[in-house]
Amino acid sequence: MSNKFEDSFIDDLVADLKPARPLNIWVLSGLALIATAVLSILIVAFFGMRSDIIEAFKNGVVVWKNGGLLLVAIGAFIYVMNNSRPIKVKSNYVILFMLLFGGIIFYQILKLVINGNFEHELTNINFGAYQTCMSIILVGGGMVYFAIWKIWLRNGASTNPQFQSTMAGILSGAIAAFSYAFHCNMDSIFYYIICYVSPVVMLGIIGYILGNRLKW
Amino acid sequence: MQVLNKDNWHSLMMSSLSGDKANYRILLSEIKVWLEAFFRKRVHNDAVDDLVQETLLAIHNKKQTFDVKREFMPWLIAVARHKWIDRIRKNLRYIEVELDTDFVSEINTEISAKYDVQKLLNTLPHKQAQIIEMVKLQELTNEEVAEKLGLSVSAVKVIIHRGIKTMQAKISEVADVQ
Numbered sequence: 000m001s002n003k004f005e006d007s008f009i010d011d012l013v014a015d016l017k018p019a020r021p022l023n024i025w026v027l028s029g030l031a032l033i034a035t036a037v038l039s040i041l042i043v044a045f046f047g048m049r050s051d052i053i054e055a056f057k058n059g060v061v062v063w064k065n066g067g068l069l070l071v072a073i074g075a076f077i078y079v080m081n082n083s084r085p086i087k088v089k090s091n092y093v094i095l096f097m098l099l100f101g102g103i104i105f106y107q108i109l110k111l112v113i114n115g116n117f118e119h120e121l122t123n124i125n126f127g128a129y130q131t132c133m134s135i136i137l138v139g140g141g142m143v144y145f146a147i148w149k150i151w152l153r154n155g156a157s158t159n160p161q162f163q164s165t166m167a168g169i170l171s172g173a174i175a176a177f178s179y180a181f182h183c184n185m186d187s188i189f190y191y192i193i194c195y196v197s198p199v200v201m202l203g204i205i206g207y208i209l210g211n212r213l214k215w
Numbered sequence: 000m001q002v003l004n005k006d007n008w009h010s011l012m013m014s015s016l017s018g019d020k021a022n023y024r025i026l027l028s029e030i031k032v033w034l035e036a037f038f039r040k041r042v043h044n045d046a047v048d049d050l051v052q053e054t055l056l057a058i059h060n061k062k063q064t065f066d067v068k069r070e071f072m073p074w075l076i077a078v079a080r081h082k083w084i085d086r087i088r089k090n091l092r093y094i095e096v097e098l099d100t101d102f103v104s105e106i107n108t109e110i111s112a113k114y115d116v117q118k119l120l121n122t123l124p125h126k127q128a129q130i131i132e133m134v135k136l137q138e139l140t141n142e143e144v145a146e147k148l149g150l151s152v153s154a155v156k157v158i159i160h161r162g163i164k165t166m167q168a169k170i171s172e173v174a175d176v177q
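So the sequence lines, in the order shown, correspond to chains A and B.
Just so you know, the first sequence maps onto residues 0 to 215 in numbering that gives the first Met the number 0.
Just so you know, the second sequence maps onto residues 0 to 177 in numbering that gives the first Met the number 0.
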């Protein structure tokens, strides 16, 4: 058919050519770091750092609480970074980050069981300012996701765009939750699961739904 | 037969990324020939042109995903493979209709008269119908439609091309019945 049509098609593509800057991994890294820094500064500026931050560092709360979210963020970041081009880079090891995070949660629950506090903790969750916590993670994470979408996702060409967008949602949520955890002193594991993990999962679901629009 | 100089494609792509239109034209023309051969081995002949166009459009829209430090061919093959797999997935859902590409000039006028254009447009996805209506009935230019709908001109052309093919298929179904 249509050599004429296809030649004019090439003419159109050539006419539409604009200089393009190749995807640069530093852009995504910079974006994630800036988002983390900006959100942390804003949260600390508006809500303040948790009053027992030094104590929380010493007794390991910051390590498992913030550190767990950091693990999730790093895992999701690696996946998003490795799957932005048509050539897939194997990222199966990312699951290790998620398993480690699962291990942290399991260990915290196990500790409660061993100490005989499991039932008490489960039935007496102090929800404190859960609305603030969840809405900041959702809104902050949503803004980070929007930036990742604009700057990274829509320029990429992942072979599995929907899953990549899901991981971008998880990355955004984990960044926001990590930042908020510097303020929040609710250290119950069940509060953590409900108010921290579930908004991150929700952002992942939103990413999954929006990822459908990334087909190329 | 066109001789393809694949060794040059990497440098042609590099200069295309910096906006060199002459080299981009050479690159796309050579890639087109290579893609035709690639898809001819994998899909029915009728689907080759569509796949070549879709792949060229993907290369155009996603050229920034080419890693300049790596080889060009694996990237090109990955894009083509993605489009091919996409097509296979679609074919699992829809039975492909044999299309006569030069159908417009050959349509039986009696049949086409019976087939109201608007009815045909209603059978198309909303966006495709809207674009064809704007270009073919309201006589807007491709550029105007692209600007109004926030699409690239080449995307508008591909959408029109596919829509018209679908409409031709509908008319030929009627012709077959009669």
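Hints may be right or wrong, so weigh each one.
Under the rule of at most 30 Å between Cα atoms (straight-line distance), these lysine-lysine pairs were calculated in the BS3-like manner [stated by the list, open to error]:
hint : chain 1 : residue 1 : chain 2 : residue 2
1    : B       : K126      : A       : K149
2    : A       : K17       : B       : K31
3    : B       : K40       : A       : K87
4    : A       : K87       : B       : K89
5    : B       : K61       : A       : K87
6    : B       : K20       : A       : K214
7    : B       : K89       : B       : K20
8    : B       : K5        : B       : K40
9    : B       : K61       : A       : K89
10   : B       : K135      : A       : K214
Some chain A residues judged to face chain B by a derived CB distance under 10 Å, without partners named [what the hints assert, rightly or not]:
hint : residue
11   : S7
12   : A19
13   : G66
14   : N81
15   : G155
16   : T158
For the record, the hints were derived by calculation from the structure and aren't laboratory data.
Please read these numbers as outputs of a predicted model, since none were measured by experiment.
All C-beta atoms in this analysis are idealised placements derived from N, C-alpha and C, irrespective of residue type, glycine included.
Evaluation of the provided hints:
1. K126(B) x K149(A): Holds - the C-alpha atoms of K149(A) and K126(B) are around 23 Å apart, at most 30 Å.
2. K17(A) x K31(B): The given pair, whose Cα atoms are some 20 Å apart, holds under the 30 Å limit.
3. K40(B) x K87(A): 23 Å, holds
4. K87(A) x K89(B): Holds. K87(A) to K89(B) sits at ~22 Å (cutoff 30 Å).
5. K61(B) x K87(A): 15 Å, holds
6. K20(B) x K214(A): Satisfied, since the Cα-Cα distance of roughly 27 Å is no more than 30 Å.
7. K89(B) x K20(B): Roughly 33 Å separates the two Cα atoms, so the pair is violated.
8. K5(B) x K40(B): 19 Å, holds
9. K61(B) x K89(A): Measuring from Cα to Cα gives roughly 21 Å; hence the hint holds.
10. K135(B) x K214(A): Answer holds: K135(B) to K214(A) is near 27 Å, not above 30 Å.
11. S7: Given a least distance of 8 Å, the restraint on S7(A) holds.
12. A19: 4 Å, holds
13. G66: 32 Å, violated
14. N81: 12 Å, violated
15. G155: 6 Å, holds
16. T158: 6 Å, holds
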